[in-house]
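Enquirer: Two chains, two frames, a set of hints: combine them into the complex.
Chains C and X, in that order, give the protein sequences. Heads up: the first sequence is residues 1 to 291, going by the working numbering. Heads up: the second sequence is residues 292 to 929, going by the working numbering.
Everything labelled a hint here was simulated from the structure, so no lab data went into it. Treat the hints with care, as some may be off.
To be verified - Mimicking PhoX-like on lysine-lysine, the simulated pairs with C-alpha atoms at most 25 Å apart in a straight line are:
1) Lys126/C <-> Lys206/C
2) Lys135/C <-> Lys169/C
3) Lys253/C <-> Lys129/C
4) Lys777/X <-> Lys333/X
5) Lys487/X <-> Lys254/C
6) Lys200/C <-> Lys160/C
7) Lys333/X <-> Lys19/C
8) Lys218/C <-> Lys206/C
9) Lys487/X <-> Lys218/C
10) Lys132/C <-> Lys169/C
11) Lys257/C <-> Lys444/X
12) Lys859/X <-> Lys777/X
13) Lys200/C <-> Lys127/C
14) Lys253/C <-> Lys444/X
15) Lys19/C <-> Lys444/X
16) Lys206/C <-> Lys127/C
17) Lys84/C <-> Lys126/C
What the hints assert, rightly or not - One side only, chain X facing chain C, incomplete, derived with CB under 8 Å:
18) Asp439
19) Tyr442
20) Ile524
21) Pro555
22) Met563
23) Phe574
24) Leu601
25) Asn814
26) Ser816
27) Val820
We put the CB at the ideal spot given by N, CA and C, even for glycine.
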Amino acid sequence: MEIPYTVTARPDTGLWNAKVGIWLFLASEVMLFGGLFSAYVFLRLDAEPGAWPHGLLNVPVGTMNTAILIASSVTVVLAWAALKMRRYRAYWWYMLVTILCGVIFLVVKLAYEWPQKFDHFGAVIKKDKLEKYEKYLGNHHLAEHGLAPRMEISGHLHNKEALNDPNAKEYEIAMDPVNADPTNPAMDRPHFLYVPPTDKIATVEKEDVEYANMFLPKHSAYFASYFTITGLHGAHVLGGVLVFLYMWLPVSKKVYKRNPEHLANRVEVAGLFWHFVDLVWIFVFPLFYLL
Amino acid sequence: MDASSGLATQPEHPLTPGSGATSDPHHDDHGHDHHELPFWRKYIISTDHKVIGIQYGISGLIFLFFGFSLMMLMRWQLAYPGQELPVIGNMLGHLFGPGSMPDGKMTPEFYNSLGAMHGTIMIFLGIVPIAFAAFGNFVVPLQIGAPDMTYPKINMASYQAFFVGGVVMLISFFVPGGAAKGGWTSYTPLAVISDKGPTYDAFWNGQTLWLVGFIFLITSSLLGAVNFIATIIQLRAKGMTWMRLPFFVWAQFVTAFLLLLAFPPLESAVVMQLMDRVAGTSFFLPSGLVVNGAALHNSGGGSPLLWQHLFWFLGHPEVYVLILPGMGIVAEVIANNTRKPLWGYKSLVFAALVLGFLSFIVWAHHMWLTGMGSVVSAFFQTTTMIISIPSVIILSAFFISLWGGSIRFNTPMLFATAFLPMFGIGGLTGIPLAFNSADLYLHDTYYVIAHFHYIVAPGTIFAVFAGVYFWYPKATGRRMSEFWGKVHFWPSLICMNVIFLPMFLQGMLGMHRRWYDGGQGWNLSGEKVWGLSGFEWNTPISIAAWTMGLAQIPFIINFFWSMKRGEKVDINPWHATTLEWTAPSPPPHGNFTTTPTVYRGPYEYSLPGRENDFTMQTEPLTDSDRKAYEAAAAAGVH
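Extracted from the complex, chain X is given alone in its bound form (with noise of 0.2 Å):
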């Protein structure tokens, strides 16, 4: 049975002339409602898939350059500490409060305040929302042929718990005392006792704002994360069995499994932190604590290693809710610029099952400074290593992928491609991490800021920009400027290369992350790499982020001028054979104009006797196809 069928079940709408009916008129009827919503009802409250992903999309993006832009004025005071800030100095120090940068320079605590921001921002504002909510929203129902995600209302809900978690996490940047100070993971006993000066007021803070905020935030992921897998499982179009998913859907239906089950104990400890700020309990401050010379007066027996515990069991699988969909946007595009089907697909699919569940038995291998105990810590450094064979399957597919392709190199694919061997390098260098007698040197230095950056910046992110490339002609009709794109994708590659692989040598000379003043008060170990120390090399890496910032202009330009001025394409522009390229572009509220049946694998590209290189899911299978699946499935190939 398909979806048609149910939906002849539903309560009939009046202008449906009956269940009998073809879903053409339906379709169009609705389509026709559509139109004459007033504004806000289209845009700002919509129900519909498209246009929350498109939300997201735009709000992550908007939060990932803010996010961004902290960490272009952190590059300040670590190139030049202490100086004061040309042009807007002065002028950031009014906006941020007397406390952030009087006389245009910076303060250890604001500077700690943007560093805890930049993490929060970037991961839970930018990066989730974009990857996983905003090219989910979109793509997934399309991919599937669904009409849209199956609670509609919720996704909307979804949509506006971000939004208020982003707006809360904002406002905290303006109460006194700044944003939170105790970095991204808000360690206890740190964060529970930070700003607690005389004028600490219980909420308007920045620590427990950034603690409601997040329930918010977590309230949006786990709506949404119960959506996507809901809908992945039921409104699949009919023939669309498992196998034949596309990978970025199975990407995204693992990465929701992370969500829905790693957040709810971040979401206990949030409670318990808040808990501790505002109700005054102890639950991560141990007894007999002393801060600034005096007791703390509170009843003690708590652990501060519970939060850290409860951090990470969410902290770790939330670095595979950031790659997973990085991943499976990338495999979109590979195949597609490839003309050939994925390497792999299988493997791929149970390669990311496997990830998935391993990723909740590896947290504690950010813990191994805790002194958790040597049995502990053997055992997570066994899971981290076993952890590695998954993800280099994936990785090893990907690049199996490009072999003998008559590869088009057009933006999606120029980033689709950069990611591999960036994400490789991020990769590769974790591995001396995930040892902890290697991260007992290592860690807390810029040797750890450069391997996840690897992995999230050029990796995620570059998925991310080649997703938007990508999916463009689909939301709007037209395709984004490949020159522009062009002039986008160089100077980002190069200018992420010089940031991060110089930290990796900062780490190895000794410099600690959390240092405010780059180095330079303190004696690392004055060895000279290409005639820089670990402290002067922060001005060569500052200048690249600070050019990176400029080489994003291209593209922000070409996203809001291509939506008007945009090159002119049809439904498919790039030759593609999954099924969001059967819609109209854009597609109307709900999706197809016929319901869509899938007859094939989501990579049938370049099959031999045809007249095209690309085979489309919705194409019957013809006799000879036939046959040849029973000859390759007579082979043992797959």
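Isolated chain C, as found in the complex (with noise of 0.2 Å):
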């Protein structure tokens, strides 16, 4: 028994089985990202003034990792071009180079931009108690100009014992240069270029804290739809890049030599889902590190 039209098109629909599920398929996933986006959207909207962090991420490093997914879609089509053509050399090479694209965007993301984040701290002053902070906040200075009100000091903490340890008083924050300098007027906008935090260090009393975390996921409502949305969509790439390996692998040259276009089609298939995957990376660019 065998299945009709796994790798020519049926006459009347003009499509081949697997290209009808795979848009099948992305068309459930915009509706999963979608509901991921609608949280942040409703989220973001129905934060305080002030509450919503602007200017963590690092926008360089992000504008990179924006530029090889994209290279990577690229690299993609021309695999699937040059199959189409039955080169299968230039096929193997642009496949490597979009494996390897791949592969760079998850290091970049999960080796470099994480970690610096799990590493990083802040704290969130109580509402009654932000005047004692104004040196760090510059509150004042902030609604002169109609700006939304700060609530938060960051940066490293150099007594990290304290987060876990309840008879600590205070923490010591070598505070992000927005509160070393918070009446400067660069600092009213987000940086655009990553500055790590200066030696000066705030001391903050923990019974004048709201909340207080290192940037992890259970930070605020902003890090938590970053990690998730960007864990998905690396969940996603990850997905790509071992369906790549697998059509890249001589086990995939014996499809090609028993029937080149049935490659072809499978590499057009995952081609489709991986522009998916760049296209959602396109709304979380801008949406996370520079809105």
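Expert: Now the structure itself:
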């Protein structure tokens, strides 16, 4: 028993089976990420003024990752075109580049961007204590310019044991530039380039703090959505890389030899998925890095 | 071009003599192969759509009975609150752990677990797997003349994901604290903070396992939905145009789209709630939440309403996922047993499509009491009113189909005809709930319980039974006993109504749906209806529920007994017209002995001037048929 139209198109629909399947699957993926993005919108609209953080991500690195992902979308099309022209060697190289792009993206994300955040600390000050930390927050200056207030002092935590020690009375934070020099007009807007924390230390009493944590998912609604969406997106990148790897390995050469069109179709379907993953990133990047 | 030309382009099988071979030996060879498969490949990890359909069906029926058993336990607590459950009470206490039924008396926590899991299991592990996955898998490829689903391996993976999800849900009964107790809707923030006592384990607790189980179930339905849609688009036999599809196929087609597009937002919500429970985020926890008198140590900034929106974005289309396959089954059974064409086929098809579309924009009518604002409420109230139109079209078409038919009241037909008024009651009682002013009073009362159970229980479940009795001969080559079928039907019909009709009364008397003592401890209006107060009505309802449990025994015995001992029948015992009845019973791997070609619509019963009162879809048109079609077209009849 064989299923018809696995490789050749059904004449009246003009489609082979997997192509129908992948588009349906992508429709459901749109709804999946659509759910997450609408949650982001919902939470951000609900946030109090000043409570939604800005400028915490590394824009140049994000831009680089965006470029890498877009480049891989191009190479996967070239790989598919090479197969259509029956040039297996060229296909092999393009596919290799695609896979490497995916891997670099993941490495940058998981081994550089995420850990950098896990190492960062932020303490949200209680509303009635904001005045006490005015020299780090600069809210008077912000109010004069009609900008939303700051409620958080962030940077590197010097006494990390204070996080879990109930006897510790205060946090010692090597502040980010925005808290080190809060009235500087250059700090009114988020930085484009990532600037590391200064060596200026702020001492924040624990009882003045509403909520404090490392930049983990639980730090805030912002980081919760950031890590959930980029995590799920990363899982999709990983899935795509694994599928491409399978199509690149010698095992797929056998498929090519038996019926080159079959492999080309597989690459086309996986490529459609890859474009979708790319597209999701095109939404993630401005939402979290720029806006 | 038809399926057989597609076959020729495939890599040739060593046993196939060549691309010019007729399909007969081709299929026979493979049928032969199939018989040599070892047991575990034939029945456990099979890629054959019929085996997968039966796997789904049997698992679904088991879960259905399990979910019903949970409810039978709850009915004891409602009728006799705080009293020891005789005979099995202590045993259950030992089985489900110390927090469940100490001394045979049900704790409120255990009651909540049973309620949440009853809903979850009945909907996601019972009805959807049976009505959509089991019947869809078994019947759809046969009805469209396909050799299998488009992606047989993905089909297998779909069942396996379902199975894992089901097992995870069952395991959750036995972790510390017991199964999820936040209701089948898992409303936040209650669900996020539940079980978070001193012994909280981030993974091994009821609510977290509920979420993990859900991810598997959503994956399963995603794989199934993609497969169904692609199969219906790609693998229709030659001549099987869209308007020649049996209505059942259309119903499954729309259902698959609902599952495909409505489940992923819930998946995103489930992932977020999982993050809330495991990674400590606050997607659904607002700032400043106080639990048991202490401020919750969370960053806050989340929104409980967000969960409700994402949940009901699935939740409402899910209602139509539950009912549409049932309507499809009923359509087949009614056309077959009235021996006349289904009335208004085209309006049925378009009604189903409109229903599917509208079901995506009515979800917030579950949320009238959340204070969304009157503009939002007005919008969703309007769409909810509009969606009743296609439902009424479908139901009316079924009723009109009965008109003037010489109805055969065999068991499938009894269940199918009972479906009509039962669904009608369920649908009409939903209209007061659609108005947000009336809903303020009825919300979260037993009225709501009665309303949706009328749709799902004597509605969809009766349709499921109709389907089981109807297609059983195709799956086994034997017919189920008619006598025991009737013994199953009549008590079930009576019990269903004794259970759910009084619930409307209870609801209007003010009984809240989540009270674990049946309303005994609350001051209901005190009014008596037929001599019984709102609380006292629990007793007859509970007795009817247990009786209905007994009434399923004839079905279970009949189901297994008929496999070996049932009356042997030929391939078309009901004298039906659709393609599945041209395949052998049971159909071999690959389904058809000859690739079918379709010449007619699905319901050509009682054509004038013919020897038989049914004309198969595979029967070529005669000259007189053509003339009749032309005359009908000229008269504007379709």
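Enquirer: Against this structure, judge whether each hint is valid.
Expert: Hint-by-hint comparison with the structure:
1. Lys126/C <-> Lys206/C: holds, 10 Å
2. Lys135/C <-> Lys169/C: Holds, because 20 Å separates the two Cα atoms, which is no more than 25 Å.
3. Lys253/C <-> Lys129/C: With Cα atoms ~67 Å apart, Lys253/C and Lys129/C exceed 25 Å; violated.
4. Lys777/X <-> Lys333/X: Roughly 34 Å between the alpha carbons, so the hint for Lys777/X and Lys333/X is violated.
5. Lys487/X <-> Lys254/C: violated, 54 Å
6. Lys200/C <-> Lys160/C: Roughly 17 Å between the alpha carbons, so the hint for Lys200/C and Lys160/C holds.
7. Lys333/X <-> Lys19/C: violated, 29 Å
8. Lys218/C <-> Lys206/C: Within the cut-off at roughly 18 Å; holds.
9. Lys487/X <-> Lys218/C: holds, 16 Å
10. Lys132/C <-> Lys169/C: Holds, at about 16 Å.
11. Lys257/C <-> Lys444/X: holds, 23 Å
12. Lys859/X <-> Lys777/X: Between Lys859/X and Lys777/X the Cα gap is close to 19 Å, so the pair holds against 25 Å.
13. Lys200/C <-> Lys127/C: holds, 24 Å
14. Lys253/C <-> Lys444/X: Within the cut-off at roughly 22 Å; holds.
15. Lys19/C <-> Lys444/X: holds, 16 Å
16. Lys206/C <-> Lys127/C: holds, 14 Å
17. Lys84/C <-> Lys126/C: Outside the cut-off at roughly 63 Å; violated.
18. Asp439: holds, 6 Å
19. Tyr442: Status holds, d = 6 Å.
20. Ile524: Interface hint status for Ile524/X: holds (6 Å vs cutoff 8 Å).
21. Pro555: Interface hint status for Pro555/X: holds (4 Å vs cutoff 8 Å).
22. Met563: Cβ of Met563/X sits 6 Å from chain C, so the hint holds.
23. Phe574: Where the cut-off is 8 Å and the nearest Cβ of chain C is about 6 Å from Phe574/X, the hint holds.
24. Leu601: holds, 6 Å
25. Asn814: violated, 38 Å
26. Ser816: violated, 39 Å
27. Val820: violated, 44 Å
Consistency with the previously given hints fails for numbers 3, 4, 5, 7, 17, 25, 26 and 27, ordered from lowest to highest.
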